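So the chains spell out like this:
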Amino acid sequence: MLKITALTKRFGDKTAVDAANIHVEKPAMIGIIGRSGAGKSTLLRMLNCLSDASEGSINFDGEEITALKGAARREWQSRCAMIFQQFNLVPRMDVVSNVLHGTLNKRSTLATLFNLYPQSDIHKAIEILDRLGIAEQAPKRAEALSGGQQQRVAIARALMQDPKIILADEPIASLDPMNAQVVMQSLRTIHEEDGRMVIANLHTLDTARRYCDRVIGMRDGRIVFDGTPAQLTTGVARDIYGAGADFSEAATSTEIETLDRTAAETAYA
Amino acid sequence: MADTALSGVPHTINSIQTSYMAQVQRKRLYGGLTLLIFAMLMVSGFVVADDRNAGGFWEGLHQIGDYPADVLSEAWEKRAELPALVVKYFPALVETINIAAVSTLFGAAGGLVLSLLGTRGLAKWPRLIPLFRRISDVMRAVPEIVIALVLIFVLGGGPVPAMIAIAIHTAGALAKMFSEVAENADLKAIEGLASTGATWSQRMVLGVFPQVAPNYVSYALLRFEINIRASAILGFVGAGGLGYELRNAMAWGPGRFDEAAAIFILLFGTIVVFDQVSSRYRNRLTEGQGQ
Numbered sequence: 000m001l002k003i004t005a006l007t008k009r010f011g012d013k014t015a016v017d018a019a020n021i022h023v024e025k026p027a028m029i030g031i032i033g034r035s036g037a038g039k040s041t042l043l044r045m046l047n048c049l050s051d052a053s054e055g056s057i058n059f060d061g062e063e064i065t066a067l068k069g070a071a072r073r074e075w076q077s078r079c080a081m082i083f084q085q086f087n088l089v090p091r092m093d094v095v096s097n098v099l100h101g102t103l104n105k106r107s108t109l110a111t112l113f114n115l116y117p118q119s120d121i122h123k124a125i126e127i128l129d130r131l132g133i134a135e136q137a138p139k140r141a142e143a144l145s146g147g148q149q150q151r152v153a154i155a156r157a158l159m160q161d162p163k164i165i166l167a168d169e170p171i172a173s174l175d176p177m178n179a180q181v182v183m184q185s186l187r188t189i190h191e192e193d194g195r196m197v198i199a200n201l202h203t204l205d206t207a208r209r210y211c212d213r214v215i216g217m218r219d220g221r222i223v224f225d226g227t228p229a230q231l232t233t234g235v236a237r238d239i240y241g242a243g244a245d246f247s248e249a250a251t252s253t254e255i256e257t258l259d260r261t262a263a264e265t266a267y268a
Numbered sequence: 000m001a002d003t004a005l006s007g008v009p010h011t012i013n014s015i016q017t018s019y020m021a022q023v024q025r026k027r028l029y030g031g032l033t034l035l036i037f038a039m040l041m042v043s044g045f046v047v048a049d050d051r052n053a054g055g056f057w058e059g060l061h062q063i064g065d066y067p068a069d070v071l072s073e074a075w076e077k078r079a080e081l082p083a084l085v086v087k088y089f090p091a092l093v094e095t096i097n098i099a100a101v102s103t104l105f106g107a108a109g110g111l112v113l114s115l116l117g118t119r120g121l122a123k124w125p126r127l128i129p130l131f132r133r134i135s136d137v138m139r140a141v142p143e144i145v146i147a148l149v150l151i152f153v154l155g156g157g158p159v160p161a162m163i164a165i166a167i168h169t170a171g172a173l174a175k176m177f178s179e180v181a182e183n184a185d186l187k188a189i190e191g192l193a194s195t196g197a198t199w200s201q202r203m204v205l206g207v208f209p210q211v212a213p214n215y216v217s218y219a220l221l222r223f224e225i226n227i228r229a230s231a232i233l234g235f236v237g238a239g240g241l242g243y244e245l246r247n248a249m250a251w252g253p254g255r256f257d258e259a260a261a262i263f264i265l266l267f268g269t270i271v272v273f274d275q276v277s278s279r280y281r282n283r284l285t286e287g288q289g290q
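Sequences listed follow chains A and B, in order. Under numbering that gives the first Met the number 0, the first residue of the first sequence is numbered 0, with each subsequent residue one higher. Under numbering that gives the first Met the number 0, the first residue of the second sequence is numbered 0, with each subsequent residue one higher.
Misleading hints may appear alongside valid ones.
Stated by the list, open to error - No farther apart than 25 Å at their CA atoms in a straight line, the calculated lysine-lysine pairs in the DSS-like style are these: (1) A:K163 x A:K105; (2) B:K175 x B:K187; (3) A:K13 x A:K25; (4) A:K139 x B:K26; (5) B:K77 x B:K87; (6) A:K68 x A:K123; (7) A:K123 x B:K26; (8) A:K2 x A:K68; (9) A:K105 x B:K26.
Just so you know, the hints here were simulated from the structure itself, not pulled from any lab data. Owing to the predicted nature of the structure, the values given are computational and were not obtained by experimental measurement.
Build the full structure now, drawing on both the sequences and the hints.
This is the structure we're talking about:
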C-alpha cells in the first residue's frame, strides 16, 4: 500500500532524514518515536508533500508521490490529511468553517473564498464534530476553544478530507494528559472504525506502546527500529533515545497513571 | 473520559445543524446585500464623476498615452545625449536624497519621542497621552506640500523648507506606527528596570528599545523610501532637487523632453535601488532576528 524507499532529506550539509525505508501492506496505526531533531517531522512533511524529498521515493498504491506536481500534488495532499502539534487552525474563523477547509481541494476557489459550501458538507462537518464530541462548539471561533478541543477540530478537518492516510505530527505534545488521551483515543477509533492508516509522531514511548500496532524508532535521521510494541524493550528504547542506563519509560510519559506511579515510587523510595 | 467524548448526543445534532445553517444563511444574506450596495454605489459614483468631469472620461481615455509617447519618442531621437544629461542632473538627485535622509532622521527622532509619550503603559505623563496623540495626528494630517508651500513663502525656496516639511509629516506618521509597536512591547522588562530605580529615559532606552528596535528601523527605512518620492515632488513647488529640474524640463514643453526623460530615469532608478536595498535590509531585520 505505502512503500517508502531510500527517502532522504538534506538541509544544506545536514541530513534530516537518511535513506528511510518503510513498507506498509495494510492500513495500520503506526507510531514514530525518537527524540526531537531525529527527523520524525521532516519524514511526515515529505509524505504530505509539505516539503520535497532530496532523494528516494514514496509510492502509494502504485502512484509515485514524490513526482507529483501542481494539481495532482494538491489532490494527493487532500487524500493524506495532516494534524499538527500546534493545531494550525485559522483562529478567527468558526469551528465549522475550519472543518470545511478539509473540502478545499474539491471545491472551486471562488466559492470557497466567499465561504459558500454546500449544505450537505456543512451537515457532514457537524456530524464529524459530533463524532468527536465537540458539536456544541460548532459556531464558536476556533481561538475560543481549549487546546484539546482545537486538536479535535483539527482531526475533524482531517476527517472531512476523507483521507486514506492521516499523518499526525506530535498531536498531543501541546496537550495536558487528559486531553492527550482523548485525542489519541479518537485517532485510534478512526483507525479501527474507518480503516484509515494513521501515522503519528509521538515523543512518548508509552503512548506509542498503548495505541499503535507498529512502532518505528528514528535516531539522527535513520530508522533504527521497526516492529511491534512488544519488541520494543527498554534496551531498544535506550538506543532510540540515545539515553544512558538511568533512562526509564516513565521519564518520557504524559500518562496520568504513569505519573501517579512515578510519584508513588518516588514517595516509596 | 474518552468514551464520553466520542459518543454523540443524537437528539441535539439536528438542532445544532439547523441553527448553524440559519446562521450561515443570515451571513450570506448580509454579505450579498453589502456586495449589492457596494456595486451600486461604485456604479453611481462613477456616473456622477464622469458627468462632472470637464473633459469626459471616455473621450479622454484614448489620449492617455499621448504625453508619454511624446516624451519617449523625443528622448529616443536624442538618446545619444542621455548619459550626459544623467550626469548633469546627478547633483540634483543627491540633493533630493539628502533632503529625504535628513528629514527621515529628524522625523524618526521626533516620532520616537512622540510615540513613547503617547503609548499607554509607557508614557511619562499618562494624562497627557491624548495631547501627544493629537499632536502627532495633526502633524501627519497636514500634507507635506502644504507645509512646504507655507515655509517656502516664509523662508524662501530651497532644500531647508522641504526638509522641515517632510520631517514634520514623518514625525507624525512614524509616531503612529512606533506607538503601535511599543504597545505590544513586554512590560515585564520595564517593570524590572523600574524596580532598580531607573529613570523614565533609562527605562525607555534600556527596556523598550531593545524589544522594538528591529521594527522601528524597518518602519524608518520604509519611511525613507516614501520620503525620497516626497522630496522629489516638493521640488515642483520650488524646494530644489530633482523635482525642481523636472518641473522646469516639463514646463518647457517639447524640445526639452530628453531632459525630462533623463530625470525620470534617475528618479526611477533611485527609487528601485533604495526599495531593493531597504526591503532586503528590512527582511533581514524582521526575519533574521537573533542571528
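Each hint tested on the structure:
no., hint, in the structure
1, A:K163 x A:K105, "15 Å, holds"
2, B:K175 x B:K187, "23 Å, holds"
3, A:K13 x A:K25, "33 Å, violated"
4, A:K139 x B:K26, "15 Å, holds"
5, B:K77 x B:K87, "15 Å, holds"
6, A:K68 x A:K123, "30 Å, violated"
7, A:K123 x B:K26, "20 Å, holds"
8, A:K2 x A:K68, "19 Å, holds"
9, A:K105 x B:K26, "23 Å, holds"
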